[in-house]
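Undergrad: So you can see what is in the structure, the chains are spelled out below.
Number of protein chains: 2
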Amino acid sequence: MELRQELKPFFEPETVAIVGATKGIAFGAGLPLCLSENGYRDRLRLVNPREKEIIGLPVYPDVEAIPGKVDLAIVVVPAPICLPVFQACARKGIKSIILEAAGFSETGPEGKKREEELKEFARQAGIRVIGPNCIGVVNTANRFISTQVPQESLAPGPISVVAQSGVFGNIILDWGPENGIRFSKVITIGNRMDVGELDLIEYLADDPATKVIVLYLEGVQNGRAFLSLAARVTRKKPILILKSGRSEVGRKAALSHTGSLSGDDAIFEAAFRQCGVVRSDDFFGLFDLARAFSVASLPKGRRAGIITSSGSMGVQTADTCVNLGLTIPDISERSRNEMKKIAPAWMSIRNPLDVGPSGLFGEGLSVILSDPDLDGIIGIPVLPSFVAKEFVRQGVPPASLVGNLPKELLGPGGKTLILAPIGNRAWIEILREAFGDRVPIISSPENAARVFSALARYREYLEKTK
Amino acid sequence: MELRQELKPFFEPETVAIVGATKGIAFGAGLPLCLSENGYRDRLRLVNPREKEIIGLPVYPDVEAIPGKVDLAIVVVPAPICLPVFQACARKGIKSIILEAAGFSETGPEGKKREEELKEFARQAGIRVIGPNCIGVVNTANRFISTQVPQESLAPGPISVVAQSGVFGNIILDWGPENGIRFSKVITIGNRMDVGELDLIEYLADDPATKVIVLYLEGVQNGRAFLSLAARVTRKKPILILKSGRSEVGRKAALSHTGSLSGDDAIFEAAFRQCGVVRSDDFFGLFDLARAFSVASLPKGRRAGIITSSGSMGVQTADTCVNLGLTIPDISERSRNEMKKIAPAWMSIRNPLDVGPSGLFGEGLSVILSDPDLDGIIGIPVLPSFVAKEFVRQGVPPASLVGNLPKELLGPGGKTLILAPIGNRAWIEILREAFGDRVPIISSPENAARVFSALARYREYLEKTK
Numbered sequence: 012m013e014l015r016q017e018l019k020p021f022f023e024p025e026t027v028a029i030v031g032a033t034k035g036i037a038f039g040a041g042l043p044l045c046l047s048e049n050g051y052r053d054r055l056r057l058v059n060p061r062e063k064e065i066i067g068l069p070v071y072p073d074v075e076a077i078p079g080k081v082d083l084a085i086v087v088v089p090a091p092i093c094l095p096v097f098q099a100c101a102r103k104g105i106k107s108i109i110l111e112a113a114g115f116s117e118t119g120p121e122g123k124k125r126e127e128e129l130k131e132f133a134r135q136a137g138i139r140v141i142g143p144n145c146i147g148v149v150n151t152a153n154r155f156i157s158t159q160v161p162q163e164s165l166a167p168g169p170i171s172v173v174a175q176s177g178v179f180g181n182i183i184l185d186w187g188p189e190n191g192i193r194f195s196k197v198i199t200i201g202n203r204m205d206v207g208e209l210d211l212i213e214y215l216a217d218d219p220a221t222k223v224i225v226l227y228l229e230g231v232q233n234g235r236a237f238l239s240l241a242a243r244v245t246r247k248k249p250i251l252i253l254k255s256g257r258s259e260v261g262r263k264a265a266l267s268h269t270g271s272l273s274g275d276d277a278i279f280e281a282a283f284r285q286c287g288v289v290r291s292d293d294f295f296g297l298f299d300l301a302r303a304f305s306v307a308s309l310p311k312g313r314r315a316g317i318i319t320s321s322g323s324m325g326v327q328t329a330d331t332c333v334n335l336g337l338t339i340p341d342i343s344e345r346s347r348n349e350m351k352k353i354a355p356a357w358m359s360i361r362n363p364l365d366v367g368p369s370g371l372f373g374e375g376l377s378v379i380l381s382d383p384d385l386d387g388i389i390g391i392p393v394l395p396s397f398v399a400k401e402f403v404r405q406g407v408p409p410a411s412l413v414g415n416l417p418k419e420l421l422g423p424g425g426k427t428l429i430l431a432p433i434g435n436r437a438w439i440e441i442l443r444e445a446f447g448d449r450v451p452i453i454s455s456p457e458n459a460a461r462v463f464s465a466l467a468r469y470r471e472y473l474e475k476t477k
Numbered sequence: 012m013e014l015r016q017e018l019k020p021f022f023e024p025e026t027v028a029i030v031g032a033t034k035g036i037a038f039g040a041g042l043p044l045c046l047s048e049n050g051y052r053d054r055l056r057l058v059n060p061r062e063k064e065i066i067g068l069p070v071y072p073d074v075e076a077i078p079g080k081v082d083l084a085i086v087v088v089p090a091p092i093c094l095p096v097f098q099a100c101a102r103k104g105i106k107s108i109i110l111e112a113a114g115f116s117e118t119g120p121e122g123k124k125r126e127e128e129l130k131e132f133a134r135q136a137g138i139r140v141i142g143p144n145c146i147g148v149v150n151t152a153n154r155f156i157s158t159q160v161p162q163e164s165l166a167p168g169p170i171s172v173v174a175q176s177g178v179f180g181n182i183i184l185d186w187g188p189e190n191g192i193r194f195s196k197v198i199t200i201g202n203r204m205d206v207g208e209l210d211l212i213e214y215l216a217d218d219p220a221t222k223v224i225v226l227y228l229e230g231v232q233n234g235r236a237f238l239s240l241a242a243r244v245t246r247k248k249p250i251l252i253l254k255s256g257r258s259e260v261g262r263k264a265a266l267s268h269t270g271s272l273s274g275d276d277a278i279f280e281a282a283f284r285q286c287g288v289v290r291s292d293d294f295f296g297l298f299d300l301a302r303a304f305s306v307a308s309l310p311k312g313r314r315a316g317i318i319t320s321s322g323s324m325g326v327q328t329a330d331t332c333v334n335l336g337l338t339i340p341d342i343s344e345r346s347r348n349e350m351k352k353i354a355p356a357w358m359s360i361r362n363p364l365d366v367g368p369s370g371l372f373g374e375g376l377s378v379i380l381s382d383p384d385l386d387g388i389i390g391i392p393v394l395p396s397f398v399a400k401e402f403v404r405q406g407v408p409p410a411s412l413v414g415n416l417p418k419e420l421l422g423p424g425g426k427t428l429i430l431a432p433i434g435n436r437a438w439i440e441i442l443r444e445a446f447g448d449r450v451p452i453i454s455s456p457e458n459a460a461r462v463f464s465a466l467a468r469y470r471e472y473l474e475k476t477k
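Protein chains in written order, with the working numbering: chain X, 12 to 477; chain H, 12 to 477.
Since the hints were made in silico from the structure, they are not lab data.
Please note that a few of the clues may not be correct.
Note: identical chains are not told apart, hence a pair may lie in one copy or across any two.
[To be verified] In silico SDA-like links for lysine to any residue, alpha-carbon gap of 25 Å or less:
#1 124 x 355
#2 106 x 356
#3 130 x 17
#4 311 x 477
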């Protein structure tokens, strides 16, 4: 069967059995209600020999007692009784299982043996398995989830994530919404006894809702296959990675966490570069990259313009840019003349362009966005909150605080623009409202420089391998 | 006069004149009302020849018309008319001026000449001046401010900041409160025509409310004097610095921003290390250091223990620690046995200690905080929000989600503990409530590693130079 068809039930199941559904307090206990609220009540089949009814739905003693076809089973029973559950699933004709239980290869030899048995059984029965030791799948498009997540995290977005750790999946789904991160699909694969990152990268590469693929792995299954797949996919959409296990200690810890062998770091580093995969050193930096790669145009070169209302942050950002191999050229004669027409006498018209308290951030941004000598712009808007409040009180629309920019200057086809505001939440919200979906809002000026550099290098990679 | 006495009116003025107070919309217009609300109504003298009354207070045509003594003048008139204002201040016997106007040396030769004139006049008249091109002083202890700031930012704390840029001062005061940063004093010195960082470091070194001195400079006035002063002060309290202007472009930009010459970076780097000054490469990292240095004990060595409920973040943090020259030793036999008594079978008892969904974060933290083989602990508590909500609904007190730790394990004298939670705001707030003033809450796990390394190196510096 084609991979896309084979994995479809994990993302768009027609009927879902939850094996181990319970009324008690336990991992997965909230899932039936959540799925029901998300529109899956009619497609939900609950299984537990010790329950009769949960949230008003009948509970079956085992999967074989369920009338009709079952597309996908979410298995939340303890590790030692998973094999009989798998056997029942096979008899029922279920071809897709999300196995969430922990207690397998990550715990040592005994767990490893248990995982091997299950794996072999699933292989022979032709069952595809995500897990164990994971929380499975979240698909915002149809609100299908195999784990309890906040409703806010189901607002659809362009970022898809493949992670090993279930907890990591939960964290980013909790953390994302307040931080302007919206997901298409989040898949955690745990010990990946069957479905691994290779299958999922392949699947997401063809998924039109996914603009960026984000990976958090503690090691890759098959280095050679990963690299050749990645080289193919990165021509179509960006792959971003936070790969841990770089130090000796990290490698040992990764082994005990998800049973991963994470290999020599220098080799991975070089290999990632060769196949166009963009790597981040830290968690928040990874999602800054995801924001930018899902929205911003790629800069045609490394020439960055910086505009700010805080001179110090302009200096600081210019430094970071230069250290990353970007250039901060002078702005063009034409831009200089444009600015001279509107700027007060005290403003020094240069790159970085510090508009200070002139209120000309929007106008200045318009001017340098059209500058032919700059490949992209980093904007660092800051505004003391008492000033912002006063404007809002006077009925000035928030967007105009940072300029009502012509649409053709922004988004795909326009010039690269990255914003890194600093201030309180109200200020960040004003900027999200003004620029939200068309411009990436990055968590710090220094990370904006890192993001610019990564975008420029990705474009260079695409040019070089064309 | 002793420096402390000389600078006192800037922080604890008995009467304050605002020269250029106005009812209109202008820089500084909100200040009279704010100072009045902060308890300075009786001590406030407003000056403007074109106003009669502001917020119910009489307005004097010039400072000489004010009855009685004036301690401090805040001057917000435009640059070209500052000299006559200074002359009037001298005649009135005012010895301290905060000069907020821009339009001086940062704008070019003409402004520089104007600044030189004022400077020479003030020197001859024996007037101390903060500024120009700044927002002056915020002192949370007595709520004295020379600029409009949000009320929340006036909650007193242990961090004092000296910055050049006024906007930078505004940003951190807006940004701080929501991010767990509380200030003692914030002083922006702009073009520092008289009072500079040397005076202020000296002042803050003897200020009992200041536990940590944070500097954001685009260059130092007098390198040799700075280093000898810093070497003396860092023996008493930490000095943290974000120094921009490292690249050629940054240096040029710094020159136009605050007229600073920022010099060769490698020299500064080495010099900072030699005098125990702790340097940060980025804005948020600077305040992570400030949080930690104002609260945490210094670790006795470089051996870090890591405890987390997210295995992946444990691996990621261990990597960062090792890359920074810290070690992640095995936990002691005793700790291992303690943990074995309470841990479920699946838990792998090692460093990093991943307690997963066991709910044993608090217990594990207690155990490794007492481990003689570890010099300090980085905790990365994560908890899916639906779990946290369920606990709270059941009336479980937030603090117990992360363990009710014995007080003697925390704070001064206890072992170094740094927390870097990831999650939504509600989760971060739970941790702030549980640990708030006794444990630094750091913005990312990777920065927690950086902070640990900086604390350890600072202690090494103190030992070495004892």
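Undergrad: Hint by hint, work out which the structure violates, then give me just those numbers in ascending order.
TA: Hint 2 is the one this structure does not satisfy, whereas the remaining hints hold.
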